[in-house]
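K.L.:
Each chain is listed here by its residues.
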Amino acid sequence: MIQMINPIEKLNKTFDSRVRLGIMSTLMVNDKINFNDLKELIAVTDGNLASHIKSLEESGYIKVNKGFVGRKTNTTYAVTKAGEKAFQQHLGALEKMIKAMK
Amino acid sequence: MNAKQQSLQELQQIKQMMERSSKFISLSGLSGISAGICALAGAWFASQKIHCWQYGDCQFGDLINDTDRKVQNEVLLIAILTFVAALATSFFFTFLRSKKTGIPLFGTTTIRLLWNIAIPLVAGAFFLIRSMQLDQYELITPGCLIFYGLALVNASKYTLGEIRFLGYGQIILGIINLWFIGNWVIFWVAGFGVLHIIYGIVMWYKYERVSRINNDTND
Chain U
1 MIQMINPIEK
11 LNKTFDSRVR
21 LGIMSTLMVN
31 DKINFNDLKE
41 LIAVTDGNLA
51 SHIKSLEESG
61 YIKVNKGFVG
71 RKTNTTYAVT
81 KAGEKAFQQH
91 LGALEKMIKA
101 MK
Chain H
103 MNAKQQSLQE
113 LQQIKQMMER
123 SSKFISLSGL
133 SGISAGICAL
143 AGAWFASQKI
153 HCWQYGDCQF
163 GDLINDTDRK
173 VQNEVLLIAI
183 LTFVAALATS
193 FFFTFLRSKK
203 TGIPLFGTTT
213 IRLLWNIAIP
223 LVAGAFFLIR
233 SMQLDQYELI
243 TPGCLIFYGL
253 ALVNASKYTL
263 GEIRFLGYGQ
273 IILGIINLWF
283 IGNWVIFWVA
293 GFGVLHIIYG
303 IVMWYKYERV
313 SRINNDTND
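Chain order of the listed sequences is U and H.
Residue numbering for the first sequence follows my numbering, starting at 1 and increasing by one per position.
Residue numbering for the second sequence follows my numbering, starting at 103 and increasing by one per position.
The shape of chain U in the complex, shown without the other chains (with noise of 0.2 Å):
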């Protein structure tokens, strides 16, 4: 544990939720998706998740759309190429980590 190289500083702090990770992990694998797929997905309150996502989209990780389907709102979400690349070296760090703890 002592002698290696610290991986952590390379984890993405942003995606130190489970929330956030939930977001990124679904939207990596979808083109869009809505705010009620999203909710019952990862199984969160409405404030709890918009806040979420709100703290995302700062980040320039996900974009928001919002449309309509017919007369209703339909707001979706995608996720940016520097969502993907973050997600991506995220990913790719914490494999580091545990091959580094083998």
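Just so you know, the hints here were simulated from the structure itself, not pulled from any lab data.
Positions of the beta carbon are idealized from the N, C-alpha and C atoms, including for glycine.
Treat the hints with care, as some may be off.
Estimated spans, in silico, between C-beta atoms of each pair [claimed, not checked]:
| no. | chain 1 | residue 1 | chain 2 | residue 2 | range |
| --- | --- | --- | --- | --- | --- |
| 1 | U | GLY67 | H | TYR239 | 45 to 53 Å |
| 2 | U | LYS66 | H | ILE221 | 29 to 37 Å |
| 3 | U | ARG18 | H | LEU198 | 22 to 30 Å |
| 4 | U | GLN88 | H | PHE282 | 50 to 58 Å |
| 5 | H | ILE300 | U | ASP31 | 34 to 42 Å |
| 6 | U | ALA82 | H | PHE282 | 53 to 61 Å |
Once the Cα atoms are required to be at most 30 Å apart in a straight line, the calculated DSBU-like pairs of lysine-lysine come out as [as the list claims (entries may be wrong)]:
| no. | chain 1 | residue 1 | chain 2 | residue 2 |
| --- | --- | --- | --- | --- |
| 7 | U | LYS81 | H | LYS125 |
| 8 | H | LYS106 | U | LYS85 |
| 9 | U | LYS32 | H | LYS202 |
| 10 | H | LYS125 | U | LYS32 |
| 11 | U | LYS85 | H | LYS125 |
| 12 | U | LYS32 | U | LYS54 |
| 13 | H | LYS308 | H | LYS106 |
| 14 | U | LYS81 | U | LYS63 |
| 15 | U | LYS66 | U | LYS32 |
| 16 | U | LYS85 | U | LYS13 |
| 17 | H | LYS125 | U | LYS96 |
| 18 | U | LYS32 | U | LYS13 |
| 19 | U | LYS81 | H | LYS117 |
| 20 | U | LYS66 | H | LYS117 |
| 21 | U | LYS99 | H | LYS106 |
| 22 | H | LYS125 | U | LYS39 |
| 23 | H | LYS117 | U | LYS85 |
| 24 | H | LYS106 | U | LYS13 |
Since chain U is already given, all that's left is putting chain H on it; use the hints.
P.N.:
Frame of chain U; chain H shown alone:
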């Protein structure tokens, strides 16, 4: 060690979220088994009727005097009932499973899955209806097997991936059946009955039995 476990757990969560959000994973192995049993029952009734009509060696005495058209309609009715029963029972077990896993049954992934199953099936349905109109009854079993197999292979991207192998099995049986037209009962039983049941048992053993054990240890 703790950090390692944490990273592993995080990766597992990521994997789970990716699967849950992009695939319909509530499909139960029991659905496969029940659909297979329905197919076997349907095949038994249909072959009894047809055998009876051909050779008159059965208890349904009045059948011998039946017209061709009547026998055809009855067999078609058996087919439809079999299909409805298979659909209803497999829906039932999948419904139970989605309750257990807590994943809603109707979501984006379900619609995507149903749409991708429907494309080859609807195309197949037109093909088979037209075959019947042209009196090409021999093509029905191989046609059902091939189009159903294609639907399963197409569906495998949107649900548990193993269903692809069930699809391959149906397609291969359907193609072989094209050269053994007279033995349609055997191919029907092997494809819709036996393959479904084997698939169902394997899937149940692989996913549902394990999750049951996990639940027990969690309690």
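K.L.:
All hints, please: hold or fail.
P.N.:
Quick rundown of the hints versus the structure:
{"no.": "1", "hint": "U:GLY67 <-> H:TYR239: 45 to 53 Å", "result": "holds (50 Å)"}
{"no.": "2", "hint": "U:LYS66 <-> H:ILE221: 29 to 37 Å", "result": "holds (31 Å)"}
{"no.": "3", "hint": "U:ARG18 <-> H:LEU198: 22 to 30 Å", "result": "holds (28 Å)"}
{"no.": "4", "hint": "U:GLN88 <-> H:PHE282: 50 to 58 Å", "result": "holds (52 Å)"}
{"no.": "5", "hint": "H:ILE300 <-> U:ASP31: 34 to 42 Å", "result": "holds (36 Å)"}
{"no.": "6", "hint": "U:ALA82 <-> H:PHE282: 53 to 61 Å", "result": "holds (59 Å)"}
{"no.": "7", "hint": "U:LYS81 <-> H:LYS125", "result": "holds (23 Å)"}
{"no.": "8", "hint": "H:LYS106 <-> U:LYS85", "result": "holds (23 Å)"}
{"no.": "9", "hint": "U:LYS32 <-> H:LYS202", "result": "holds (27 Å)"}
{"no.": "10", "hint": "H:LYS125 <-> U:LYS32", "result": "holds (14 Å)"}
{"no.": "11", "hint": "U:LYS85 <-> H:LYS125", "result": "holds (23 Å)"}
{"no.": "12", "hint": "U:LYS32 <-> U:LYS54", "result": "holds (16 Å)"}
{"no.": "13", "hint": "H:LYS308 <-> H:LYS106", "result": "holds (27 Å)"}
{"no.": "14", "hint": "U:LYS81 <-> U:LYS63", "result": "holds (10 Å)"}
{"no.": "15", "hint": "U:LYS66 <-> U:LYS32", "result": "holds (12 Å)"}
{"no.": "16", "hint": "U:LYS85 <-> U:LYS13", "result": "holds (14 Å)"}
{"no.": "17", "hint": "H:LYS125 <-> U:LYS96", "result": "holds (28 Å)"}
{"no.": "18", "hint": "U:LYS32 <-> U:LYS13", "result": "holds (24 Å)"}
{"no.": "19", "hint": "U:LYS81 <-> H:LYS117", "result": "holds (20 Å)"}
{"no.": "20", "hint": "U:LYS66 <-> H:LYS117", "result": "holds (28 Å)"}
{"no.": "21", "hint": "U:LYS99 <-> H:LYS106", "result": "holds (9 Å)"}
{"no.": "22", "hint": "H:LYS125 <-> U:LYS39", "result": "holds (16 Å)"}
{"no.": "23", "hint": "H:LYS117 <-> U:LYS85", "result": "holds (17 Å)"}
{"no.": "24", "hint": "H:LYS106 <-> U:LYS13", "result": "holds (17 Å)"}
The structure agrees with every numbered hint stated previously.
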